[in-house]
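Trainee: Respectively, the protein sequence lines represent chains A and B. Under my numbering, residues 1294 to 1654 are what the first sequence spells out, in order. Under my numbering, residues 1294 to 1654 are what the second sequence spells out, in order.
Think of the hints as simulated: they come from the structure by calculation, not from any bench. Each hint should be verified, as a subset may be incorrect.
As the list makes no split between identical chains, a pair holds if one copy fits it or if it spans any two.
For lysine-lysine, the following DSBU-like pairs were computed, each having C-alpha atoms within a straight-line distance of at most 35 Å [to be verified]:
(1) 1491 with 1543
(2) 1499 with 1585
(3) 1415 with 1585
(4) 1296 with 1399
(5) 1374 with 1603
(6) 1521 with 1307
(7) 1415 with 1307
(8) 1499 with 1335
(9) 1585 with 1303
(10) 1543 with 1452
(11) 1521 with 1603
(12) 1521 with 1335
(13) 1343 with 1603
(14) 1521 with 1374
(15) 1585 with 1360
(16) 1648 with 1463
(17) 1452 with 1374
(18) 1603 with 1296
(19) 1543 with 1648
(20) 1399 with 1415
(21) 1648 with 1399
(22) 1521 with 1543
(23) 1470 with 1603
(24) 1470 with 1585
(25) 1399 with 1303
Number of protein chains: 2
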Amino acid sequence: MTKFSFNLQKIHNKARLGVINTAHGEIRTPAFMPVGTRGTVKAMLPQNVKATGADILLGNTYHLMLKPGAERIAALGGLHKFMNWQAPILTDSGGFQVMSLSHLRKISEEGVVFSSHIDGSKHMLTPERSIEIQHLLGSTITMAFDECTPFPATFEQAKLSQELTSRWAKRSRDAFKIRDGYGQFGIVQGGIYPILRKISADDLSKLDFEGYALGGLAVGEGQELMFKVLDYASDMLPVNKPRYLMGVGKPSDIIGAVARGIDMFDCVIPTRSGRNGQAFTRGGTINIRNSKYADDNSPLDETCECEACKNYSKAYLHHLVRVGEILGSMLMTWHNLAYYQDLMNRIRAYIAEGKDFDFEA
Amino acid sequence: MTKFSFNLQKIHNKARLGVINTAHGEIRTPAFMPVGTRGTVKAMLPQNVKATGADILLGNTYHLMLKPGAERIAALGGLHKFMNWQAPILTDSGGFQVMSLSHLRKISEEGVVFSSHIDGSKHMLTPERSIEIQHLLGSTITMAFDECTPFPATFEQAKLSQELTSRWAKRSRDAFKIRDGYGQFGIVQGGIYPILRKISADDLSKLDFEGYALGGLAVGEGQELMFKVLDYASDMLPVNKPRYLMGVGKPSDIIGAVARGIDMFDCVIPTRSGRNGQAFTRGGTINIRNSKYADDNSPLDETCECEACKNYSKAYLHHLVRVGEILGSMLMTWHNLAYYQDLMNRIRAYIAEGKDFDFEA
Chain A
1294 MTKFSFNLQK IHNKARLGVI NTAHGEIRTP AFMPVGTRGT VKAMLPQNVK
1344 ATGADILLGN TYHLMLKPGA ERIAALGGLH KFMNWQAPIL TDSGGFQVMS
1394 LSHLRKISEE GVVFSSHIDG SKHMLTPERS IEIQHLLGST ITMAFDECTP
1444 FPATFEQAKL SQELTSRWAK RSRDAFKIRD GYGQFGIVQG GIYPILRKIS
1494 ADDLSKLDFE GYALGGLAVG EGQELMFKVL DYASDMLPVN KPRYLMGVGK
1544 PSDIIGAVAR GIDMFDCVIP TRSGRNGQAF TRGGTINIRN SKYADDNSPL
1594 DETCECEACK NYSKAYLHHL VRVGEILGSM LMTWHNLAYY QDLMNRIRAY
1644 IAEGKDFDFE A
Chain B
1294 MTKFSFNLQK IHNKARLGVI NTAHGEIRTP AFMPVGTRGT VKAMLPQNVK
1344 ATGADILLGN TYHLMLKPGA ERIAALGGLH KFMNWQAPIL TDSGGFQVMS
1394 LSHLRKISEE GVVFSSHIDG SKHMLTPERS IEIQHLLGST ITMAFDECTP
1444 FPATFEQAKL SQELTSRWAK RSRDAFKIRD GYGQFGIVQG GIYPILRKIS
1494 ADDLSKLDFE GYALGGLAVG EGQELMFKVL DYASDMLPVN KPRYLMGVGK
1544 PSDIIGAVAR GIDMFDCVIP TRSGRNGQAF TRGGTINIRN SKYADDNSPL
1594 DETCECEACK NYSKAYLHHL VRVGEILGSM LMTWHNLAYY QDLMNRIRAY
1644 IAEGKDFDFE A
């Protein structure tokens, strides 16, 4: 069986080039993970997501535990089979969505009791249950259950949150079933306070996770402050393990974070923006709903090889999105995912060649 | 250049096997045409529609003239290029939708004045304008502009409607630009009155269209009455020209109509039903929303080779449709279109072998 391992191939300034080996295949880093919240990357067939260059998807524990249910997915053969995705899957712990989506949540030392945002039904997530759910799903990479420190938070609030997260990380690690090719990542909290980030990183490093995430960022603090935290926080993480910045981000966020030592990203921006009619291109972002595209026979991006750019004009995409046709969501999403993976390709090529990122994205 | 022609290869009882040759390729008959109302077969990439076995699509003049506009599509290179479909396209005349969708319509000898159902803007459709629009779209097969006789209609109402349709058919034929590989079909009206159907068929036969449609059916009269009309009306049409039954239908409608001498069909049922969670299978129709499928790991149809049946379980489709994921619409539509084309394949094979249709669909 494949051992879960991280092969760090090159470091240029702080930017890192590597490969994560897993039971479900390789992940080239820096990596962008498309988000498949409810067992599907919205408006995409999985083989087409793969063909854009995605090595790994993210699945959401919170959504899947509610519908269709973790035990059900396990009985059906696991999430990989259920959604027809054979490559690696990382699942979040559910902690973030419990706090942002559910109702009537109550946090205790034990975990979080909450009511489903769908039907109001009561549920409890604890470190042990979160890890069990992710095991039932068959995740390649399981995330420790954390409390996502909000922004803004006072030092005292951030400290309590970081300490709870460290205790939950220990319980998450104890609950994780070690298997060849599968890994678990710890989540470092601490808000915008260097000393708390350091304590959190040290606490989690002792648990010897297969990777480390920075949590509590991209929650409203803005790019400048996020980069400030990354400037010191990524150095606090073990060098020989993958580093994952959760929920990030715009192309410029990703470029800046890679330059600060981050290896992995996930974000709904390319998929959600696509459905809303926004396309990322090398020439800048395009709002395809704008009436100036109604007669524009050129593709979204002349340099792009995706399905949308090879076969369709801006005028056609404009028409589809304006009248609300599903094919509009399909093609716009496809393009944005292709753009993001092309961005990661360019980033990896630059690190391999030892060049600084001279492109704006 | 390819001449537009119909090669009638075999007749078994009344069922006919043939091939229509066009500027954009062959159409094997009996043929089912998926509906691409607004320049897209909803939730499908065109190459995947083609791969299910569809030789030809239907486009809607009424919808496309309003959005994005016929002159615009012409300037962009025509409908084939616009929607990335290189095979034949048949466009309806707009007459049916004007009567069923638009507001404040007023019929005169000249044509129909109406207000758009989208924004209330005023438009006029005449035989000449309908044919011009279809020419601008670049239709492979243009339909004559008719008045669709409603059901029920008295003899006198049906007679007036049939006579107007005959006069409009003459104007439509005069307005049609003859080009190699392109054809125009006339539409026979007359309601449920044999004498009117006969007069209409004779009037239109004199205009020597490249094909003939039966209009004013599948408008609420029910299968039994429709089949009664087909029993005599299809015999009134020229033997050596394709016969098209507009807006039909359920699988059993198609089987019964082929047995009565019809060659071509179009209907939104497979696509619309798919988006609503209904699947057609050899074992009967399946409502995938039914909770009994939540844990069903088998495909929709074991005998089906479509994307949905090859790679996904009923449980997964149930989940997608229940939570409203776009991929649910994509896969259910794909399956239904594959089912319909498989049905046409079976029908053609039976005629080729001289067998009666012993299958229920």
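Trainee: Against which earlier hints does the structure fall short, listed by number upward?
Mentor: 2, 4, 7, 8, 9, 11, 14, 16, 17, 21, 25
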